[in-house]
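Protein chains in written order, with my numbering: chain B, 1 to 380; chain P, 1001 to 1321; chain F, 2001 to 2372.
For the record, the hints were derived by calculation from the structure and aren't laboratory data. Any given hint could be a false lead.
To be verified - Straight-line Cα separation of at most 20 Å, SDA-like style, residue types lysine to any residue; simulated pairs:
1) B/K102 - P/E1203
2) F/K2263 - F/A2207
3) F/K2329 - F/A2365
4) B/K102 - P/P1096
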Amino acid sequence: MAQTETAPLQRSGPASGSGQGSKPGTGSGAMPNVYASGRLGKSVPWIVLGASLLVSIAIFALVQVASGGGFNVAGAVVLTGVLNGVAIYLTALLVEGGRQAKDRLVTTLVSSAFIIALAPLVSLFITVLSRGTARFDVQLFTESMRNVVGEGGGALHAIVGTLIMTGIAALISVPIGLLTSIYLVEYGRGALARAITFFVDVMTGIPSIVAGLFAYALFAIFFGPGIRLGIAGAVALSVLMIPVVVRSSEEMLRLVPNELREAAFALGVPKWLTILKVVLPTSIAGITTGVMLAIARVIGETAPLLVAAGFTANMNYNPFDGRMQSLPVFVYSSYVSQGTDAQAYLDRAWAAALTLILIVMALNLIARLVARAFSPKLGR
Amino acid sequence: MSSPAVARTESAPPSKPVQRLGDRIFSGSTLTAGALILATLAAVAAFLVLQSVPALTENPEDISIFTSGETFWTYVWPLIFGTLWASALALVMAVPVAIGIALFISHYAPRRLAQGLGYVVDLLAAVPSVVFGLWGANTLAPLVQPFYLWLTENLGWIPLFAPPASGTGRTILTAAVVLAVMILPIITALSREVFLQTPVLHEEAALALGATRWEMIRMTVLPFGRAGVVSAAMLGLGRALGETMAVAMVLSSSGIISFALLTSSNPSTIAANIALSFPEAYGLNVNVLIATGLMLFAITLAVNAIARYIINRRKEFSGAN
Amino acid sequence: MDTIFVKFTKFGRVAAVAALAALTLTSCAANEGQAAGGTDSAASELTGTLVGGGASSQQSAQEAWVAAFQGMHADVTVEYDPAGSGAGRDTFIAGGSAFAGSDRAFRDEELAEDNFAACVPGTGLVELPAYISPIAVVFNLDGVDSLDLDPATIAGIFAGTITKWNDDAIVSQNPDAQLPDQAITPVHRADDSGTTENFTDYLNVTAPDVWSWEADGVWPDAVTGGEAAQQTSGVIDAVTTGTGTIGYADASRAGELGTVSVKVGEEYVPYSAEAAAAIVDASPAAEGRGEGDLAIELDRASTAAGVYPIVLISYLIGCTEYEDAESAKLVKEYFSYIVSEEGQQVSAEAAGSAPISSDIAEKSAAAIELIK
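Working from the sequences, and respecting the hints, build out all of it.
Right, here's the structure in full:
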């Protein structure tokens, strides 16, 4: 299908040259500017967008006047999007022809997909920021909740717990996950590799609370019932994290061009060095993204940590002894069990949520910089 | 699952390459890691099965979580339905948007901007599910409720939009939107990386032949990235199937089976039901809840098997080179 | 350009490591470990960690009790896991915790099995009704702050048979209220909870014709049309963000919402701590229990003056005789503090619970004396 469409273009050559197969007529003038004729100017899409915006605002203003309700911002935005898509398609269809029109339509769609994704993001961040800043103070980072009732207190114990447990989970999951994906891409054949791939996928579907129950049951075998340990929480998180690491790294490793591997082999480089020095650096950016996604996936988990690591108001630096608090559990329990001074609990919950997001942002940024430093400088 | 190209590198040299010590250690450790994963999963599965057995074998009359006459299967069936329904809705909403964003970042946005934009979308992954739950229940639900009301009043003849509209907006559609937002960064990030890996030569060749940007994408980027996008969607689906807290906080659930999107009686999901019922569960009820977890496990297995089958059928488009 | 990046990366990593190190090395949280020297020496001979867990309804009260108790005994740490009543009881049975908080007492058949790992076999349990919380019926209706309703009307609203705010049943009991022609959205708990169990028990006992479903922690599936929300917070949020909504929740969380005065006998009683404690006093003790077991059969149909029948009683559960003497000492001290007048005052302030009456406090103190 794609082949047949391009074929006539190939044959048309530079002589007929406007580059628009569906409008051969434009090229027949004496010496038209082949690059500018029959094309929309750069500013046209923006003008169309502005016009759509004005029209939809006008329509919704009329509706507002007619019905007496409030101005429907969401409706106006949606209508703007729809109008803009239709208008740009029609404009381009008239001036540039069908193929360009389709191209412009897709551009509009792709851009609006981005806007659609931004809407919840912006809404979320406004919510978290506006409610989280009330208690986002020094106390939050220097105090635990020991002996705190009502106002005051901090989330230091939860921050430390989250960093320790997620850190251990990452220490367990990243090597295992990365090595497994290397096995799958570089070594694995036959039934075992197929089984691993398949069951890694299955692992992505383990409900988080089941992972917590599993970790708890595992540790209860050795330490007796009722045991709650930071390390148990970390194991629960690893169970959730490993499949994400494997799946994303595998995808990235597969995309490394074989020419690179073959070139290394041709130079007599051992396979393991080829993997370490050629394959991994080439895909390091993607792998880092995958690992960061995996960390982001588990750092916000509530249910498994509540089951496996328990709940405490006290500081605990030792993952092998005693309960450990984490930020998501802190947020959840502050929200669920509000005392009479409900606002104090809510403020703490939102401030802790904001902290959690900031921690992931910081980790993300660091990881990106690391990836940039290690990855070879390619075409893009 | 080895791609054909990798297999080629093995067979291409005329003689078998010398196995060095480093090679053996390295391949051995990767194999160990893979086996470890299988062992972990086997342990999880064994745990689930062992804990589930009493729920299936004991007399249902003795299990207090069942209402009279209910068995495990009648208990779990609406949950299975709700899980699949909510995840499917989320996936239908998230995948097109995610592909759009990934393309926008990889092929439309100016390169300097793209990095920052990718970062912005990744931020969505940083939001803990509890916060998604709070946001969905207290910000999103009241916001969309008037819209739901309008839909039921004007399009109520479509079974999906059957009235009565929920009074608070905490419907399965809202839950699915929250799920879609949650899985968006996962699908986007992976698709974006895959799209970026499209051989530049292919793209430039297409452009040189006079293809528009969309034609170039359709001819080179999408076929190249198809397998990766399916994998990304599967990862997202895995998260949607297993998401616990956000659904529990947003969804107004009851044990029914219904396709209606906008009413206050919605099917619950397995993971959310475990979260809702587990704290007060005791004795055999715990086994029942874990058995529902086993069902979710089985569902994931089935869904992944189907996805694998689809990818393998289209294998000629996938993989490097 | 690249070198700048590398340098920046290195700096970033160093900074991150340094920040992490700073965080981990700062000895402790600013509010911890300072009380050690300053407490009176008589009380501080108690040391160790006391682990309990269970009902999340008790959590904010437990927070307050734990804080005050640790303030008195600086070397003691009390951990209360708000994992839920069922999980708390199971953990206690398995011996994973020294005491449990539970929204119901152990049933007779559970007691008969007598397999409590932490207790000396055959010695029985101590169960104290230490946390009493009125459950308010809250609603969100413009311009209406309170309503008078009888049990049948409340049951009708939650069962979905009364669907409009200007239904005759409501109007006839509230002639002065401005009731709009608006749909009622009843909100109930989505999770399995003691609050729901107590509320449905009340409906079933007082209005069996309308509410034929037996008391259960899970909202009956047969009731259609209501909204479900997770936890008390979820119900409060749903009622607050919706309009024409009505729900039930711990009274301490009612806040700005309108509340219902419930018809008891011939009068309408608004919720209050005193009225909630009164129903507990007016109810008989459960039969066939051990000496230390103060389980109560709530008499929801009571028509005694000034009682508020929709209450949640959450029990403190411990062994009469512990295998481990250390736990016994800690549990004894901790329980004694909770049922003391001071302890009940602390939880009333922090969690809005109803202080137990002096009668129950005396019985509880006697039961606690049995612990060894």
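Verification of the supplied hints:
no.	hint	in the structure
1	B/K102 - P/E1203	18 Å, holds
2	F/K2263 - F/A2207	12 Å, holds
3	F/K2329 - F/A2365	14 Å, holds
4	B/K102 - P/P1096	17 Å, holds
This entry satisfies every hint, going by the numbered hints stated previously.
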